[in-house]
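Participant: Sequence:
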Amino acid sequence: MTMMNNKSFFGLGLLTLVSFTLCFLLDSYSLLVFTLCVLTVLVGVGLNILMGMSGQISFGHIAFYAIGAYVSALLLINEVPFVFAIIIAAFVSGFVGILLAIPALRVSGPYLAMITIAFAFAVHHGLMEWRGLTGGANGLMGIPMPTLGDIDPNQLLALAASFLMCISLFAYALLYNSGWGKSMRAVKASPIAARSLGFNPIQTKTAAFAISAWFTGLAGAIIPPLMMYISPSTFPFSQSILFVLVVIIGGTGTLWGPVFGAIIVVVLPEMLSPLAEYRLLIFAALLLSVLWGAPRGLFGELQRRFAKTQIELPPKLVNQQLLLQFYDRASNAITGLKVDNIGIQFGGVKAAQSVSFDASLGNVTSIIGPNGAGKTTVLNMISGFYQPDQGCIELGEQLAGKNAYQIARSGIARTYQTSQLFDHMSVLENLLSAMQQGYMGTPFVSQKTGQKELALNLLALVGYSGSIHTPSQDLPHVDRRLVEIARALATRPWVLLLDEPAAGLSRQDTDKLSALLRVIASYGIAVILVEHDMPLVMEVSDQILVLDAGKPIAQGAPNIIRQDKTVIEAYLGGTDYQAQPRKSPWKGNKDAVLFCKKLSVDYGAAPVVHDVDIVVYPGELVAILGANGAGKSSILQALAGLKRPISGHIGLQDEYINELSANEIAHRGLALVPEGRQLFTNLSVRDNLLMGAYSRTDIVDENAEINEILNRFPRLQDRIDSEAGLLSGGEQQMVAVGRALMAKPKVLLLDEPSLGLAPAMIGELYDALATLRDDGVTILLVDQMANLALQVADRGYVLETGRIVKSANAKELLANPELEQAYMGGS
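Read left to right, the sequence shown gives residues 1 to 827 (full-length UniProt numbering).
Bear in mind the hints are in silico, worked out from the structure with no lab data behind them.
Backbone N, C-alpha and C define an ideal beta-carbon position, used for all residues, glycine too.
Don't take each hint at face value.
Said to hold, decoys possible - Computed list of lysine-lysine pairs in PhoX-like fashion (alpha-carbon distance at most 20 Å, straight line):
(1) LYS643 with LYS597
(2) LYS551 with LYS565
(3) LYS811 with LYS587
As the list claims (entries may be wrong) - Here are the in silico distance ranges between beta carbons for each label pair:
(4) GLU702 with LEU268: 38 to 46 Å
(5) ASN403 with MET228: 32 to 40 Å
(6) MET691 with GLU453: 52 to 60 Å
(7) GLN417 with PHE163: 44 to 52 Å
(8) SER233 with MET271: 51 to 59 Å
Make a model of the complete structure from these sequences and hints.
Facilitator: This is the structure in structure tokens:
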């Protein structure tokens with residue numbers, strides 16, 4: 001979105017004409033109100049840079065307003081010319097803004113707001129106590145007004161304020177579209193993605209704070225000659241809240257928002273002067289009304305309703321010559337990325353250890369492994385979001401230990417499992433911000449010539465065919481994936497890290513992605529791919545690194561990895577564990593307790609579960625098996641009401657539950673133990689268990705029921721009053737299962753209960769599941785470790801790319817070679 005267009009130019013010209021005209025038409029009191037309104041606009045522009053562009057909040061801008069006023073007053077009293085006085089005052093406020101921002105911006109949200117509030121009170125008390133300079137509570141008086149010929153001084157101040165207001169709005173529009181503005185908006189939208197493009201969030205936010213303080217100090221500098229007297233009481237803290245109100249009511253991040261807001265905050269009260277004692281009440285009601293009816297502010301809402309998105313499409317054919325020139329680095333000696341023996345641990349858990357591989361330019365290197373293997377952890381270490389405890393990462397220089405934004409500037413770009421586009425920025429702006437390669441550039445200057453053409457060709461390269469001016473938050477899932485890849489390519493990387501780019505894509509889109517990855521590599525870029533789609537991995541990779549529990553277990557070409565017994569065991573699970581068999585084969589009721597028919601679930605734009613039929617009978621333990629990304633967890637989430645299916649039916653006994661909410665389904669008798677346990681870590685084990693019984697009204701003796709859970713999981717007896725977050729992973733999983741059992745569910749849904757557990761703990765947990773099975777508890781189990789799950793299951797369903805490819809009893813599935821093919825992407 002380009003803020004400075006013909007309409008904006010016309011609007012600024014009209015505003016300048018009207019404001020200058022009013023300076024000569026209004027009576028003295030109305031002129032004072034008008035000047036205060038104009039100065040409020042000026043402050044609003046400064047706050048809009050802070051809030052609208054960089055996403056920070058400040059309730060302390062009255063302090064910068066006061067600093068600008070006192071510096072200006074002191075200079076004017078000492079006969080410094082008016083123009084120099086207000087400029088110096090603005091720079092002093094800006095400098096103080098930098099001093100405050102450097103430590104303050106290491107926090108965010110309410111903590112930043114509290115720091116700015118404390119700063120405002122500190123400045124207020126400083127003005128009160130520094131009597132020798134500020135006059136204390138008595139303030140400064142006798143401040144001279146500027147003169148220019150026969151023009152009335154009040155009119156001259158109004159003209160000066162109007163001129164500065166129009167210049168500030170013009171500067172805001174230029175800043176918004178400049179490299180500075182794009183970097184600020186990028187950091188606001190996604191600090192993580194901004195760092196991976198090379199932006200330093202602290203530097204960017206500090207610049208925003210300094211500019212905001214500069215404009216606020218400039219506005220405050222005009223107050224002393226306007227009033228000819230100032231004191232600490234001239235700058236009450238409530239005024240700071242009104243400044244924020246100006247931006248919110250008018251429209252945060254819009255050009256004309258501060259104008260609308262200032263008119264309402266300053267002029268409206270004068271029109272309602274008989275109700276002056278209700279001023280704050282009126283403002284409170286107004287703010288609530290705006291937040292409820294127009295959360296984008298008044299002008300923001302008008303813009304949303306009437307603005308039309310410009311349609312401009314990328315070219316159908318890619319300009320190969322342009323892209324070859326862009327990626328031409330023949331004179332550079334870099335040959336690829338070298339990762340040597342890196343590792344990291346969190347607490348006592350080793351998330352990755354002894355990981356080594358080379359990613360050559362022009363090749364696709366894939367990192368695969370079961371859930372919890374440490375794949376994304378390795379990407380985070382390479383890209384600087386985690387600092388490795390050991391080892392080296394080299395790309396022409398040593399990168400280990402550097403910050404993420406520094407590594408990005410060295411030539412490593414990445415995408416994320418969940419796309420991290422800059423919402424409220426257009427597709428084109430996302431790419432233009434990436435082309436800055438982390439450098440803010442020149443303020444008030446737009447992009448360089450030729451960057452737009454390059455961005456259009458990168459979008460054409462990845463296959464994006466929509467409008468380049470579409471806001472990224474309005475893009476469908478597949479387009480978000482493509483634009484994120486194009487944005488990463490716009491940084492001109494040596495290495496491109498892709499974290500599950502095929503997640504949520506249809507088979508057709510995945511096939512296109514496969515071809516795209518080979519094209520990207522052909523430009524001399526080392527592609528490192530983390531992906532669960534095994535057919536894609538096997539087709540596109542030059543070499544594959546396999547991780548399990550953070551350790552490399554195999555490395556080589558796809559045809560070697562596919563046949564590697566160690567890799568197959570990592571995905572299917574080992575055969576060492578032998579669960580206790582049923583005392584007698586299951587011969588239960590054939591009236592289904594839980595079923596789904598033609599169930600389809602989507603993730604973004606594409607279905608990840610297609611027309612699935614599953615039935616669970618009372619007392620059965622049924623396993624759903626398949627590789628990562630096959631759709632197993634999506635089925636459980638749909639059954640539990642956490643994800644709404646796009647088609648099909650779900651039945652629990654004699655009732656369809658498709659349209660019920662998750663809490664209503666829980667009350668009907670489905671209890672989900674989610675992947676990752678999701679305990680209330682600050683509560684004790686006892687309280688976590690009791691939370692599981694929240695939906696029940698038939699508890700007679702809660703201690704007896706807790707003791708029943710403790711008998712099933714003896715490890716928890718000595719930890720019953722410990723915080724759940726202090727338990728080991730296996731113990732936490734036991735608490736999660738116990739919490740679900742406290743609900744006395746009709747069906748217990750288990751999602752990846754073995755994830756991240758030690759082998760001994762897995763055996764203990766699965767022994768407990770076998771006991772539950774024998775006691776008649778109905779269980780639907782999802783676990784990637786197929787050999788493990790089939791040890792305790794009665795029947796199983798095998799999923800591949802969201803479709804059931806096999807269903808049979810557990811023994812038949814254990815002996816079926818199709819199970820291995822479903823995990824490893826073919827024969």
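Participant: All hints are to be evaluated individually against the structure, with a verdict given for each.
Facilitator: Results for each hint:
1. LYS643 with LYS597: holds, 16 Å
2. LYS551 with LYS565: Roughly 16 Å separates the two Cα atoms, so the pair holds.
3. LYS811 with LYS587: Roughly 16 Å between the alpha carbons, so the hint for LYS811 and LYS587 holds.
4. GLU702 with LEU268: 38 to 46 Å: violated, 58 Å
5. ASN403 with MET228: 32 to 40 Å: violated, 51 Å
6. MET691 with GLU453: 52 to 60 Å: holds, 58 Å
7. GLN417 with PHE163: 44 to 52 Å: Given range 44 to 52 Å: holds, Cβ gap about 51 Å.
8. SER233 with MET271: 51 to 59 Å: violated, 25 Å
In this structure, the hints that do not hold are numbers 4, 5 and 8, in rising order.
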